[in-house]
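J.: Chains as they are written, first to last, in my numbering: chain A, 1 to 229; chain B, 1001 to 1229.
Treat each hint with caution, since some may be false.
[To be verified] Pair by pair, the computed Cβ-Cβ distance ranges are: (1) G182/A <-> K1053/B: 55 to 65 Å; (2) E37/A <-> L1003/B: 29 to 39 Å; (3) E45/A <-> D1035/B: 23 to 33 Å; (4) E37/A <-> N1195/B: 55 to 65 Å; (5) S140/A <-> N1081/B: 53 to 63 Å; (6) D1184/B <-> E137/A: 43 to 53 Å; (7) K52/A <-> L1179/B: 51 to 61 Å; (8) N1195/B <-> D65/A: 48 to 58 Å; (9) D1035/B <-> D224/A: 38 to 48 Å; (10) N81/A <-> T1158/B: 25 to 35 Å; (11) V126/A <-> D1065/B: 29 to 39 Å; (12) A1226/B <-> D196/A: 49 to 59 Å; (13) D1035/B <-> E137/A: 31 to 41 Å.
Since the hints were derived computationally from the structure, they do not count as laboratory data. By construction, the Cβ of each residue, glycine as well, lies at the ideal position given by its N, Cα and C atoms.
Protein chains: 2
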Amino acid sequence: MDLKAVILLSGGLDSATVLAIAKRNGFRVFALSFDYEQRHSVELEKAKILAKKFNVEDHRIVKLDLFGGSALNDNIPVPKNRNEKEISSGIPITYVPARNTIFLANALAYAEVNKCLNIFVGVNAVDYSGYPDCRPEYISAFEKLATLATKSGIENETKIKIHAPLIQLSKAEIIRKGLELGVDYQLTHSCYDPNDQGLSCGVCDSCALRLKGFQEAGETDPVDYALSS
Amino acid sequence: MDLKAVILLSGGLDSATVLAIAKRNGFRVFALSFDYEQRHSVELEKAKILAKKFNVEDHRIVKLDLFGGSALNDNIPVPKNRNEKEISSGIPITYVPARNTIFLANALAYAEVNKCLNIFVGVNAVDYSGYPDCRPEYISAFEKLATLATKSGIENETKIKIHAPLIQLSKAEIIRKGLELGVDYQLTHSCYDPNDQGLSCGVCDSCALRLKGFQEAGETDPVDYALSS
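Generate coordinates for the entire structure from the input sequences, incorporating the hints supplied.
T.: Shown next as structure tokens:
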């Protein structure tokens, strides 16, 4: 069994948990993060700290020149103070077109260069039901593509495995799992629209889901929030 | 029918022909090129000229930070003077890991932002039989993924179509097709390893396939070669 894996490490709560899961399962980890001029680029600092703490083999931050069209990397305001129903209905404006496909395509290249047959991604179909590229059928389609796309698929008939261990978990379940594995969530960042000091807003969808997750898990979120309102 | 299409336009012979085919079929074209520090970045100048000549709606050159591991963008010599058997056996060192997956993922994002349901790509399974990501089954897997990946796939149940009109053509057939459609092949660049003046070497695999294609088509290649040897 090949125990090398590429992990998409955003620096958020989910990917930190995935990193801990992969390490616990004995994988040597190659971590991959992206700088796409996201509003919340403070997450990249967290990704660096997490990569170091979890002793990854290599950590690459790849600059991406994306196409805009999202509140995360374009001049569109991040929605705030939405209720649960608003958050879970439809595709949010924070959706970045084809982002997971671009992320996974880069992970595949990085995996091929480092001879990894495993890719871990922290997508979640429960809280982010509105994102097309977080659904199990999407992940399964990418897995098929990945094996067809690469040298190893042709030469050795080896399969690329896409692991999405959080895909069916609630945020509370993810947090419990991570705490069991010793993840220090203070080292993660989730907010879509942090202030100039990098403090989380507490009211964007991502903060709302995170806070609700901690509450449901019966735990306290260790990060600081800039709760002025 | 949506008559808007994204075209992957490298500036080479194949993508120029695909551009002509899409225009002939009535598509409004959004052209996409990549700057990945390829040795043959002169092709990007050709892409700009072709985009202008074919009146595309928009032309984006996206900077990609790829992972190396190929003679095209790493410090590995480009093979020269190989015979036909050598060229067609195995996966060449000019293969860039997961390149077409990264290219198509970007095309998908660009398509989604511009509300295009069609993507054209000049892959070819005949001359490049060694590239895993030029095979029909790969293109078909990407097409399935693309529909699952995007907003339109969820919201309108519309399908993304990946057009690979050259996939089963020989280089000679591609050239004949392009000439019929009025492509000026002087405006294209194929060489993997041009000299400082941007002149094609004439002896790398890409030049060899191009020259053989023109010969078999009974035509003369209009580009200049730096044939010193």
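J.: Hints first: check each against the structure and report whether it holds.
T.: Evaluated hints:
1. Separation of G182/A from K1053/B is about 60 Å and conforms to the stated range, judged on CB atoms against 55 to 65 Å.
2. At roughly 32 Å, the beta carbons of E37/A and L1003/B sit within the given window of 29 to 39 Å.
3. Against the hinted window of 23 to 33 Å, the Cβ-Cβ separation of E45/A and D1035/B comes to about 28 Å, which satisfies the hint.
4. For the pair E37/A and N1195/B, the supplied restraint of 55 to 65 Å is violated, since their beta-carbon distance comes to about 36 Å.
5. The hinted range of 53 to 63 Å is not satisfied by S140/A and N1081/B, whose Cβ atoms lie roughly 44 Å apart.
6. In this structure the hint that D1184/B and E137/A lie 43 to 53 Å apart at CB holds, the actual value being about 44 Å.
7. A hinted range of 51 to 61 Å for the beta carbons of K52/A and L1179/B is consistent with their spacing of about 58 Å.
8. Between N1195/B and D65/A, the C-beta spacing of about 29 Å breaks the proposed range 48 to 58 Å.
9. For D1035/B and D224/A, the Cβ-Cβ distance of about 40 Å falls inside the hinted range of 38 to 48 Å, so the restraint holds.
10. The hinted range of 25 to 35 Å is satisfied by N81/A and T1158/B, whose Cβ atoms lie roughly 33 Å apart.
11. Between V126/A and D1065/B the CB atoms are about 32 Å apart, so this pair conforms to the stated range of 29 to 39 Å.
12. With their beta carbons about 54 Å apart, A1226/B and D196/A fall inside the hinted range of 49 to 59 Å.
13. Look at D1035/B against E137/A: about 34 Å separates their beta carbons, and that is inside 31 to 41 Å.
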